[in-house]
Amino acid sequence: MSLEPQPPLPAAAEAEPQAGRIAVPVWLIVLLFLLLYWGMVYFDQHSGWFDPQVYAPYRSGAELALYQPPTGGPDLARGKVVFENVCGLCHGNDGAGKPGQAPPFIGSEWALGNPNHMIRIPLAGLAGPVEVKGQQYNLAMPAMGAALPDDDLAAVLTYIRQSWGNKASAITPAQVKAVRAEVGSRTQPWTADQLKAIQ
Amino acid sequence: MNYGPLVFLAAFFALATSWCGFVLTPQLQIGRLPQAHTVGGAASTYPVARPGLAQQGMEVYRANGCAACHSQQVGQTGTVLEIALTEAGTNQPATIAALLTLAEGSTDHAPALSLLAPVPSAPSNSTNATILAGLPRAFLRSSTREAANAAIKTLDATSAKAQLWIVPVGPDLARGWGERRSVAEDYLFDRTVMPGSQRVGPDLANLGARLPDANWHLRHLYAPRLEVKGSVMPPYRFLFEKRKIKDRQSPEALALPGDLAPGDGYEIVPTQAAQALVAYLTDLHADAPLFNAPMTRPATAEATTSTNAPAAPGTASTNAAPTHAAAP
Chain A
81 MSLEPQPPLP AAAEAEPQAG RIAVPVWLIV LLFLLLYWGM VYFDQHSGWF
131 DPQVYAPYRS GAELALYQPP TGGPDLARGK VVFENVCGLC HGNDGAGKPG
181 QAPPFIGSEW ALGNPNHMIR IPLAGLAGPV EVKGQQYNLA MPAMGAALPD
231 DDLAAVLTYI RQSWGNKASA ITPAQVKAVR AEVGSRTQPW TADQLKAIQ
Chain B
199 MNYGPLVFLA AFFALATSWC GFVLTPQLQI GRLPQAHTVG GAASTYPVAR
249 PGLAQQGMEV YRANGCAACH SQQVGQTGTV LEIALTEAGT NQPATIAALL
299 TLAEGSTDHA PALSLLAPVP SAPSNSTNAT ILAGLPRAFL RSSTREAANA
349 AIKTLDATSA KAQLWIVPVG PDLARGWGER RSVAEDYLFD RTVMPGSQRV
399 GPDLANLGAR LPDANWHLRH LYAPRLEVKG SVMPPYRFLF EKRKIKDRQS
449 PEALALPGDL APGDGYEIVP TQAAQALVAY LTDLHADAPL FNAPMTRPAT
499 AEATTSTNAP AAPGTASTNA APTHAAAP
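If you read the sequences in order, they're chains A and B.
If you read the first sequence in the working numbering, its first letter stands for residue 81, the second for the next number, and so on.
If you read the second sequence in the working numbering, its first letter stands for residue 199, the second for the next number, and so on.
Just so you know, the hints here were simulated from the structure itself, not pulled from any lab data.
Keep in mind that the hints are not guaranteed to be accurate.
Here are some, though not all, of the chain A residues that point toward chain B, as calculated from beta-carbon distances under 7 Å [unchecked claim]:
#1 P132
#2 Y135
#3 P137
#4 L146
#5 Q148
#6 P150
Pairs of lysine to aspartate or glutamate residues, derived as EDC-like cross-links and limited to a Cα-Cα distance of at most 20 Å, are as follows [claimed, not checked]:
#7 A/K247 to B/E285
#8 A/K257 to A/D230
#9 A/K213 to A/E189
#10 A/K247 to B/D354
#11 B/K359 to B/E280
Backbone N, C-alpha and C fix where the C-beta goes; we use that ideal spot for every residue, glycine too.
Work out the full structure, taking the sequences as your base and the hints as a guide.
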């Protein structure tokens with residue numbers, strides 16, 4: 081029996097270390113599921129469903145819609161654009177008309193009066209003598225508004241009735257649509273007397 | 199055991215998913231963003247391309263590293279619905295009574311003005327005029343859109359004219375740095391978007407709206423502390439030229455006081471780069487009401503006393519309530 085220390089066994093050093101397996105603790109699984117649940121709740125409330133229109137203080141498209149400015153009322157800005165493209169050349173962008181050529185809109189009894197008369201004029205034009213604010217005009221106006229969509233025509237007529245100090249009721253696209261259906265495919269321009277006969 | 203392929207796949211999957219989420223999806227969603235239409239009132243296209251000089255000024259802004267100290271992004275913490283009167287109408291006692299009823303009557307409204315909070319005992323005709331003076335003003339805060347619409351109807355019925363104001367709120371907005379939060383459209387025509395990350399100086403997203411004076415900007419670039427007391431901005435004098443006056447002073451020469459004046463017979467004139475930079479700075483606007491950042495601008499053109507200085511604590515304007523209006 082020898083008392084000398086044995087040299088370490090070479091076999092132990094050669095063995096490759098093994099990765100052991102151990103069960104995931106139950107609390108960790110519970111925690112993960114709680115985190116998952118919280119994540120989904122957060123997602124529901126804050127993601128806006130990844131809508132690119134929804135930014136941070138708003139949490140969903142529905143909430144964003146609640147904060148939209150009111151769109152009610154006539155669209156005078158649109159009416160102004162249409163007016164200056166279509167009507168302004170003759171009637172003037174300031175609505176003052178051109179003496180002897182095109183009657184003014186400011187304070188005009190035709191612009192402020194019966195909408196049924198006013199809507200018909202751009203739809204089929206107006207020819208022959210017409211008296212506006214005590215002045216006689218005798219030229220033909222083509223059917224400038226026949227090609228405009230109902231909402232554009234309503235916007236421009238409303239713009240005429242509510243600009244430059246004019247204060248008359250707005251004209252809705254529905255009114256324009258109704259009159260357009262009555263006018264039908266009329267190509268003849270109106271005369272002032274024909275319009276006055278219409279209620 | 200060889201886990202190499204598994205580790206590679208796991209890392210690839212993790213990086214690929216985040217790349218899809220943070221790069222690809224936003225690119226698909228807003229990569230080809232068109233111009234937006236503004237909402238409410240006069241509809242127009244937003245944004246419009248910068249004028250040429252301002253476009254050059256953006257390069258000057260970039261070359262001088264302005265974005266290192268100035269951000270161009272405004273935050274918002276919430277939105278408040280306010281009901282304002284624009285016209286008092288003819289039946290003022292009824293209007294005030296309706297306002298008081300609305301303010302007390304339900305939990306949907308809170309008074310936005312202190313004079314509505316205590317109940318004035320039977321207001322006589324003379325006080326009516328003072329209560330309804332200074333219109334348009336916000337009188338009530340509503341918690342929901344339906345309540346606001348109903349309140350406006352009630353007030354309109356008393357011959358007054360009421361309006362809904364949609365007011366974004368937040369610390370940035372209370373400082374006067376903007377009127378609403380920044381959205382992607384604001385940067386649509388910026389090549390090299392420079393939103394900035396540090397705010398050594400004030401946010402510049404809406405600078406052109408709050409400081410439209412080009413001469414102010416030129417003097418401020420030449421000598422910042424001349425215009426803003428205690429400013430830490432370095433002077434950008436290399437953007438200016440000291441010139442001998444030939445026949446008479448050039449019109450764009452800076453008017454400088456006292457010791458900054460260049461001396462007799464000389465003048466300080468901005469170079470092309472300074473002119474371009476100022477054109478860019480005065481062109482910075484982020485105040486159009488958009489669908490994704492709605493607001494209504496109060497009908498008065500009252501210029502809020504917006505400054506470059508950070509908001510002093512306690513100067514709470516109506517914008518200062520950083521509360522998120524409760525969503526219904």
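So which of the earlier hints does this model not fit?
Of the numbered hints given earlier, the structure breaks none, since each of them holds.
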